[in-house]
Every structure is written in structure tokens, then in C-alpha cells.
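Number of protein chains: 2
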Amino acid sequence: MNNFESENKQEKLIVTQRSQIKRIPQRGNYDRETIYHILDEGLVCHVGFVVDTQPFVIPTAYGRVNDKLYIHGSPASRMLRSLIRSIEVCVTVTLLDGLVLARSAFHHSMNYRSVVIFGQAEIVSNSDEKLTALQAFTEHVVRGRWDDVRQPNLQELQGTMVLSLPLNEASAKIRTGLPIDDEADYSLPVWAGILPLQLLAGNPIPDSQLSKDIALPAYVKNYDRL
Amino acid sequence: MNNFESENKQEKLIVTQRSQIKRIPQRGNYDRETIYHILDEGLVCHVGFVVDTQPFVIPTAYGRVNDKLYIHGSPASRMLRSLIRSIEVCVTVTLLDGLVLARSAFHHSMNYRSVVIFGQAEIVSNSDEKLTALQAFTEHVVRGRWDDVRQPNLQELQGTMVLSLPLNEASAKIRTGLPIDDEADYSLPVWAGILPLQLLAGNPIPDSQLSKDIALPAYVKNYDRL
Chain Z
1 MNNFESENKQ EKLIVTQRSQ IKRIPQRGNY DRETIYHILD EGLVCHVGFV
51 VDTQPFVIPT AYGRVNDKLY IHGSPASRML RSLIRSIEVC VTVTLLDGLV
101 LARSAFHHSM NYRSVVIFGQ AEIVSNSDEK LTALQAFTEH VVRGRWDDVR
151 QPNLQELQGT MVLSLPLNEA SAKIRTGLPI DDEADYSLPV WAGILPLQLL
201 AGNPIPDSQL SKDIALPAYV KNYDRL
Chain D
1001 MNNFESENKQ EKLIVTQRSQ IKRIPQRGNY DRETIYHILD EGLVCHVGFV
1051 VDTQPFVIPT AYGRVNDKLY IHGSPASRML RSLIRSIEVC VTVTLLDGLV
1101 LARSAFHHSM NYRSVVIFGQ AEIVSNSDEK LTALQAFTEH VVRGRWDDVR
1151 QPNLQELQGT MVLSLPLNEA SAKIRTGLPI DDEADYSLPV WAGILPLQLL
1201 AGNPIPDSQL SKDIALPAYV KNYDRL
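From first to last, the protein sequence lines are chains Z and D. Using the working numbering, read the first sequence as starting at 1 and increasing by one per residue. Using the working numbering, read the second sequence as starting at 1001 and increasing by one per residue.
Don't take each hint at face value.
Said to hold, decoys possible - Listed below are the simulated DSBU-like cross-link pairs for lysine-lysine, each with C-alpha atoms no more than 35 Å apart in a straight line:
hint, chain 1, residue 1, chain 2, residue 2
1, D, Lys1221, Z, Lys173
2, Z, Lys22, Z, Lys12
3, Z, Lys212, D, Lys1173
4, Z, Lys173, D, Lys1212
5, Z, Lys221, D, Lys1212
6, Z, Lys68, D, Lys1022
7, D, Lys1212, D, Lys1068
8, D, Lys1068, D, Lys1022
9, Z, Lys221, Z, Lys173
10, D, Lys1012, D, Lys1212
11, D, Lys1022, D, Lys1012
12, D, Lys1022, Z, Lys173
13, Z, Lys68, Z, Lys12
14, D, Lys1012, Z, Lys22
15, D, Lys1221, D, Lys1173
16, D, Lys1068, Z, Lys22
17, D, Lys1173, Z, Lys173
18, D, Lys1012, D, Lys1068
19, Z, Lys68, Z, Lys173
20, Z, Lys12, Z, Lys173
21, D, Lys1022, D, Lys1173
22, Z, Lys68, Z, Lys22
23, Z, Lys22, Z, Lys173
24, D, Lys1221, Z, Lys221
25, D, Lys1068, Z, Lys173
26, Z, Lys221, Z, Lys68
27, D, Lys1221, Z, Lys68
28, D, Lys1173, D, Lys1068
It should be emphasised that the hints constitute simulated quantities derived from the structure, not laboratory data.
So that you can see chain Z by itself, here it is in the shape it has in the complex (with noise of 0.2 Å):
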């Protein structure tokens, strides 16, 4: 969901002692445009949550609606149920670009782009915007296909649980480019580069009970995250 305001665009979230990038703080990046593309671009995000001491750190589907990030599923899901008595979440996405082959072992590496969240989890109670959220969900994963489906009957409305978290306290980190060597390394005769890795969607599978007059639509014939 490209729809954040454009006068946001050069934003920049505060940072606080949990959100700072500690280790290579060259890496670290706090504009919301940039920490909304790589929102934007992932399609799994990693939630944690506490429950008792014990961390829990679960794969979900998200979306996202300007400066707020949606997760849902079942009310009677552990994950829901903890984030709402958490006090402190963290949800995380990472999109990784390719592998960084240096000549050392040691100085190996990966180009990626990841996004850490903080905050407090929120029910979303208001129908307006669970019904956002869930257009928001569907549109996240392939764009237009909100249009072409059968869209949430109350039943499903009721049957689903939506949680927002603040975009507000955020942090990018972001590895791009070549190996770096030590000096002396550059002379071995060993191949270094970046080896570029990228999801990309293969040939859709129709559905066994799909009937054959129904056309591949254009979002899914020519699906591309970027």
C-alpha cells in the first residue's frame, strides 16, 4: 500500500535507545519512506511477543494503511491473543538481495534490507477500518485483486481478529554493494562478487475446480513485489 502522504515522504522517525542501530550504525536508516518501501516490498513479517520470560517470535502476513501496520487471524489464535496482553511487541521484516562472497570466510556477508517495529498492539474494534485492514491484506499480497473477490461476509468480519501497531518507532537497516576485503586478500586467486537473489513468482497453478473460461488476470501474469 503506496498510499502514505507525500508530505511525509523525507520523515524521520525519533530514535529511541531500542530502536537505534547499535552495531554498524552506517546501516541504520529512520526515514518512514524508506522503512514503508521495504514494508511495502515483504510479504512476511515475524512478530515478538513475551509470554511469561519466554520469547515467541511467529511468521505472519501483514498490510499496511499509512503510518499504522495491520496483522490478523482467528480470535482464538495464541499469537492475538498474547500480542493484546503484551505490553511491548516487536515485529520484524526482512528482504534479502543476495549473498556478498568475499575472499575471507570471515568478511562474507549479505545484502538485505530489514525493518524492527516497537510498540503496543492495538484491537481493531471500528468496522471501517477492520474492513480497510482487510482490503488492505489482500491488496498487500496481489495488487487489484481486492476488486475481484468475494469480499468479507459478517461472519468473517466477526471471525476475524485485526491488530494495529503505530508506525512510529522504527528503525531500517540496510547492507547494499561489494565485498570488502582485507587489503592483503585482494590478491588471491579467488572469485569474490555478489550473488543477487530475488522471490520471484513462477507459473501460476490454476485452481483443479477452476473453470477454463476464467482468464489469468494481468496482476497475477505479471506479479512483481518491486
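Dock chain D against chain Z, hints included.
The following block gives chain D in isolation, referenced to the frame of chain Z:
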């Protein structure tokens, strides 16, 4: 590292309260072989730990040797220092295999394979185990790479902190296959099916200082996670 003992292949892990799959339990899997295959295909894990009452979820590389998962970093890393102070940690690896496009918004889903590991992280102080772990990190990213590169010197070994996590309490969760729509929705004129997704390598980018007479290794040219 597909070097786990063959006699363990059929072994099921003990299911505990925290590792038991609660939502859609038929997607849960506790087979050591299944769990190891997911860990060996993944490249990034999400490490969850608690500082005071605040959860953190940080992406990082990892390696596996038999029934241990290893992560590493600088001894100055907040994550590593917090992990060894944490009583319990949680490490999650997620592979996204496809988008599941149903005829209703509600039944949209994703095909995925994930592993969630619970346990206590320990510092690896034995030099032999530490070097084996460093080899596993490199080989995990690109199999065949370790023998080609300059291996860690004493300073690098001492400048790397390695933590191990036993693979005793873990579970996999897997969704495969076609969308499952409400019976009444199958007659809707909506395309439905799966859009497979895969993390694929692009064309390798040689380092700008790479000598022209160094050939691209086969393990980079034919890179494949499967």
C-alpha cells in the same frame, strides 16, 4: 549442512507446551528430518530474545551442524550479549513457497514452511567447535565455498562470538496445495489458484577488483537452495 545422522531421520521431537502447533494443528510437524530440511534451505533466521520485558526480533545468518544451530557476530553485538543473558530464546526460519489466491478475500493464504526453535543459547568456547561452526556458516550460504576462501585467522576467530542452540525443542508448520473456498464460492467467475514463489539467484556480479583470469566457480554459477 545435510550431515545429520541417517538413523535419526525418522526421529520425532518431543512436543512441549510452547512448541506445540495450536492453530491448524494438522499443519504441524515434529520430524527431525523435515525440520532440518527447512533449516538447511533457509538463509536467514529471526532471533527472538527479551531484554527486561521488551522482545527483540533480529534477522541474522546461521548454520547447522547435526543437532545444533549456530549463530555468530561481533562480541559487541547487543543481540548476542542479550542472548547469553536470556534464559530462553526463540529462533524462527520461514520459507515462502507461494500465494494462495482463493475466490473470497477471507480464504486467501500463503504456502510456506516454517520452523520455530525454543531453547537456551550457549557460547561456543571450544576452538574446534567454533571453527566447525564458522565452516558451517560459509557452507550453509554457498556449499563448496569454504575450501576456496582464506579461512579465519586467530584474530578473526577471537573476534567472532559463536552461540549454539540445541535442536531439541522445535516444530515445523507447513501449508501446501490449492486454495480451499466455501462451497458456494466455487461458481464465482474469479481466477483462483497458486502463484508459486521462490528465492532465486540472478546473474553473479564480480567484484570490481576481481582479476579477469579468475573464473566463476560452479557453485556460484549453478547456485540452488534445494
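A quick look at each hint next to the structure:
1. Distance hint between D:Lys1221 and Z:Lys173 is fulfilled; the C-alpha atoms sit about 29 Å from each other, no more than 35 Å.
2. A threshold of 35 Å between alpha carbons decides the hint, and for Z:Lys22 with Z:Lys12 the separation of about 18 Å falls inside it, so the pair holds.
3. With a C-alpha separation of about 33 Å, the suggested pair Z:Lys212 and D:Lys1173 falls inside the 35 Å cut-off, and the hint holds.
4. Among the hinted pairs, Z:Lys173 with D:Lys1212 is consistent with the structure: their alpha-carbon atoms are about 33 Å apart, no more than 35 Å.
5. About 39 Å separates the Cα atoms of Z:Lys221 and D:Lys1212, which puts this hinted pair outside 35 Å; it is violated.
6. Only pairs whose Cα atoms come within 35 Å are accepted, and Z:Lys68 paired with D:Lys1022 is accepted, the gap being roughly 28 Å.
7. Note on D:Lys1212 and D:Lys1068: the hinted pairing is violated, with a Cα-Cα distance of about 40 Å set against a maximum of 35 Å.
8. The straight-line distance between the Cα atoms of D:Lys1068 and D:Lys1022 is roughly 25 Å, inside the 35 Å bound, and the hint therefore holds.
9. Between Z:Lys221 and Z:Lys173 the CA atoms are separated by roughly 32 Å; this keeps the pair inside 35 Å, and the hint holds.
10. Simply put, D:Lys1012 and D:Lys1212 have alpha-carbon atoms about 50 Å apart, too far for the 35 Å limit, and the pair is violated.
11. Using a Cα cut-off of 35 Å, the hinted pair D:Lys1022 and D:Lys1012 holds, with the two alpha carbons roughly 18 Å apart.
12. Only pairs whose Cα atoms come within 35 Å are accepted, and D:Lys1022 paired with Z:Lys173 is accepted, the gap being roughly 33 Å.
13. With a C-alpha separation of about 16 Å, the suggested pair Z:Lys68 and Z:Lys12 falls inside the 35 Å cut-off, and the hint holds.
14. For the hint pairing D:Lys1012 with Z:Lys22, the CA-to-CA distance comes to about 39 Å; that exceeds 35 Å, so the pair is violated.
15. The hinted pair formed by D:Lys1221 and D:Lys1173 meets the criterion: a straight-line CA distance of about 32 Å does not exceed 35 Å.
16. Under the criterion of a C-alpha separation no larger than 35 Å, the hint pairing D:Lys1068 with Z:Lys22 is consistent with the structure, at around 27 Å.
17. For a cut-off of 35 Å, the pair hint linking D:Lys1173 to Z:Lys173 stands: about 28 Å separates their Cα positions.
18. A threshold of 35 Å between alpha carbons decides the hint, and for D:Lys1012 with D:Lys1068 the separation of about 16 Å falls inside it, so the pair holds.
19. Straight-line distance between C-alpha atoms of Z:Lys68 and Z:Lys173 comes to about 20 Å, which keeps the hinted pair within the 35 Å bound.
20. A distance of roughly 14 Å separates the Cα atoms of Z:Lys12 and Z:Lys173; the hinted pair therefore holds under the 35 Å criterion.
21. This hinted pair checks out: D:Lys1022 and D:Lys1173 have alpha carbons roughly 10 Å apart, not beyond 35 Å.
22. For the hint linking Z:Lys68 to Z:Lys22, the alpha-carbon distance of about 25 Å falls within 35 Å, and the restraint holds.
23. The hinted pair formed by Z:Lys22 and Z:Lys173 meets the criterion: a straight-line CA distance of about 10 Å does not exceed 35 Å.
24. Restraint check for D:Lys1221 and Z:Lys221: the C-alpha separation of about 28 Å stays at or below 35 Å, so the hint holds.
25. For the given pair, D:Lys1068 sits about 28 Å from Z:Lys173 by alpha-carbon distance, which is consistent with the 35 Å threshold.
26. With a C-alpha separation of about 30 Å, the suggested pair Z:Lys221 and Z:Lys68 falls inside the 35 Å cut-off, and the hint holds.
27. Proximity of D:Lys1221 to Z:Lys68 is assessed by CA-CA distance (about 42 Å); at most 35 Å being required, the pair is judged violated.
28. For the hint linking D:Lys1173 to D:Lys1068, the alpha-carbon distance of about 20 Å falls within 35 Å, and the restraint holds.
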